[in-house]
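> Sequence:
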Amino acid sequence: FKGYNNSAKMIMTCLYFKFRYALSYRDIEELCQIRGLNIDHSNIQRWVERFAPLLDKRFRSRKHNVNSSWRMDETYIKVKGRWCYLYRAVDKYGLTIDFCLRAKRDAIAAKAFFRNAIKQHGKPVKVNVDKSGANKCALESINKNYPKEQQIEIRQNKYLNNMVEQDHRFIKRRTKPALGYKSFNGAKQTITGIEITHMIKKGQLKSNNNHNININKSIFNDFMSLVA
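One point on numbering: in UniProt numbering, the residue at position 74 of the sequence shown is 74, and numbering is uninterrupted.
Simulated from the structure, these hints should not be mistaken for lab results.
Treat the hints with caution; some may be incorrect.
What the hints assert, rightly or not - The calculated DSS-like cross-link candidates involving lysine-lysine, where the alpha carbons are at most 30 Å apart (straight line), are:
hint: 1; residue 1: K158; residue 2: K172
hint: 2; residue 1: K144; residue 2: K158
hint: 3; residue 1: K111; residue 2: K176
hint: 4; residue 1: K63; residue 2: K123
hint: 5; residue 1: K201; residue 2: K92
hint: 6; residue 1: K202; residue 2: K131
hint: 7; residue 1: K111; residue 2: K123
hint: 8; residue 1: K158; residue 2: K63
hint: 9; residue 1: K92; residue 2: K80
hint: 10; residue 1: K126; residue 2: K104
hint: 11; residue 1: K104; residue 2: K158
hint: 12; residue 1: K92; residue 2: K217
hint: 13; residue 1: K104; residue 2: K202
hint: 14; residue 1: K80; residue 2: K176
hint: 15; residue 1: K182; residue 2: K111
hint: 16; residue 1: K202; residue 2: K158
hint: 17; residue 1: K144; residue 2: K104
hint: 18; residue 1: K126; residue 2: K80
hint: 19; residue 1: K126; residue 2: K92
hint: 20; residue 1: K126; residue 2: K172
hint: 21; residue 1: K9; residue 2: K57
hint: 22; residue 1: K80; residue 2: K182
hint: 23; residue 1: K119; residue 2: K131
hint: 24; residue 1: K126; residue 2: K158
hint: 25; residue 1: K92; residue 2: K131
hint: 26; residue 1: K182; residue 2: K92
hint: 27; residue 1: K202; residue 2: K119
hint: 28; residue 1: K78; residue 2: K158
hint: 29; residue 1: K92; residue 2: K158
hint: 30; residue 1: K172; residue 2: K57
hint: 31; residue 1: K217; residue 2: K9
hint: 32; residue 1: K172; residue 2: K217
hint: 33; residue 1: K78; residue 2: K136
hint: 34; residue 1: K9; residue 2: K92
hint: 35; residue 1: K144; residue 2: K172
hint: 36; residue 1: K126; residue 2: K217
hint: 37; residue 1: K202; residue 2: K57
hint: 38; residue 1: K123; residue 2: K92
hint: 39; residue 1: K148; residue 2: K176
These numbers were taken from a predicted model, which means no experiment stands behind them.
Can you build the whole structure from these sequences, using the hints too?
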């Protein structure tokens with residue numbers, strides 16, 4: 001946070017407001033004014049794009065492992081008047097595995113998503129996807145890298161994907177005030193922050209000494225610990 005006129009705590013507080021609640025940048029500017037702080041909404045927007053990738057890196061280094069049974073699905077996010085696709089996956093307990101915003105919905109995008117998720121968490125035993133041929137095709141392509149007995153089991157059971165579809169709802173609530181993002185990077189970094197706070201709420205963040213976060217701590221304090 002060197003080189004910024006505002007303190008790290010103030011910047012992180014503004015970021016937390018944006019990621020945790022369904023607030024616009026002007027809403028957060030008004031909240032700051034109530035506290036006697038003169039922070040322009042455009043500065044908060046720049047902080048999101050600047051610091052979300054750094055927070056994501058910190059979070060991933062302290063993220064708990066997930067179960068080897070995955071459920072993957074996509075939802076829609078409007079960017080510059082066009083629909084983009086947010087790929088997301090949770091394990092069978094509802095813990096977030098990974099997320100990725102893509103301009104297109106195809107096998108290339110799905111394969112990139114799975115590769116990143118596997119890099120972070122290792123190869124799953126089974127993955128449930130929707131009836132989309134692109135997602136199945138992506139997994140089949142990845143399976144070619146493994147002997148048959150080590151290949152990922154591919155399922156296409158609509159009932160099993162109810163969990164990840166329900167988990168999409170929090171993203172829809174948080175992104176609603178934006179009424180569609182004006183840039184792809186702005187959408188990507190905002191969603192990154194939203195996903196981070198949602199995973200913290202689920203208890204997916206380890207403490208700095210690799211033990212579970214104290215359940216008595218608040219989501220805000222856990223979020224602030226990413227820059228401690």
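> All hints are to be evaluated individually against the structure, with a verdict given for each.
Each hint, compared with the structure:
1. K158 - K172: holds, 21 Å
2. K144 - K158: holds, 25 Å
3. K111 - K176: holds, 28 Å
4. K63 - K123: holds, 16 Å
5. K201 - K92: Measuring from Cα to Cα gives roughly 17 Å; hence the hint holds.
6. K202 - K131: Between K202 and K131 the Cα gap is close to 28 Å, so the pair holds against 30 Å.
7. K111 - K123: Holds. K111 to K123 sits at ~13 Å (cutoff 30 Å).
8. K158 - K63: Holds. K158 to K63 sits at ~28 Å (cutoff 30 Å).
9. K92 - K80: Distance of about 34 Å is beyond 30 Å: violated.
10. K126 - K104: The given pair, whose Cα atoms are some 25 Å apart, holds under the 30 Å limit.
11. K104 - K158: holds, 22 Å
12. K92 - K217: With Cα atoms ~26 Å apart, K92 and K217 stay inside 30 Å; holds.
13. K104 - K202: holds, 29 Å
14. K80 - K176: holds, 14 Å
15. K182 - K111: Distance ~26 Å between K182 and K111 Cα, so the pair holds.
16. K202 - K158: Since the Cα atoms of K202 and K158 sit roughly 24 Å apart, the hinted pair holds (cutoff 30 Å).
17. K144 - K104: Judged against 30 Å, a Cα distance of about 24 Å means the pair holds.
18. K126 - K80: violated, 36 Å
19. K126 - K92: Between K126 and K92 the Cα gap is close to 10 Å, so the pair holds against 30 Å.
20. K126 - K172: Since the Cα atoms of K126 and K172 sit roughly 27 Å apart, the hinted pair holds (cutoff 30 Å).
21. K9 - K57: holds, 19 Å
22. K80 - K182: Distance ~5 Å between K80 and K182 Cα, so the pair holds.
23. K119 - K131: Holds, at about 25 Å.
24. K126 - K158: Status holds; Cα separation ~15 Å.
25. K92 - K131: Holds, at roughly 19 Å.
26. K182 - K92: violated, 34 Å
27. K202 - K119: Status holds; Cα separation ~22 Å.
28. K78 - K158: holds, 25 Å
29. K92 - K158: holds, 14 Å
30. K172 - K57: Holds, at about 24 Å.
31. K217 - K9: With Cα atoms ~17 Å apart, K217 and K9 stay inside 30 Å; holds.
32. K172 - K217: holds, 26 Å
33. K78 - K136: The hint holds at about 25 Å.
34. K9 - K92: This hinted pair is violated, its Cα atoms lying about 36 Å apart.
35. K144 - K172: Status violated; Cα separation ~35 Å.
36. K126 - K217: Answer violated: K126 to K217 is near 34 Å, above 30 Å.
37. K202 - K57: holds, 18 Å
38. K123 - K92: holds, 15 Å
39. K148 - K176: violated, 44 Å
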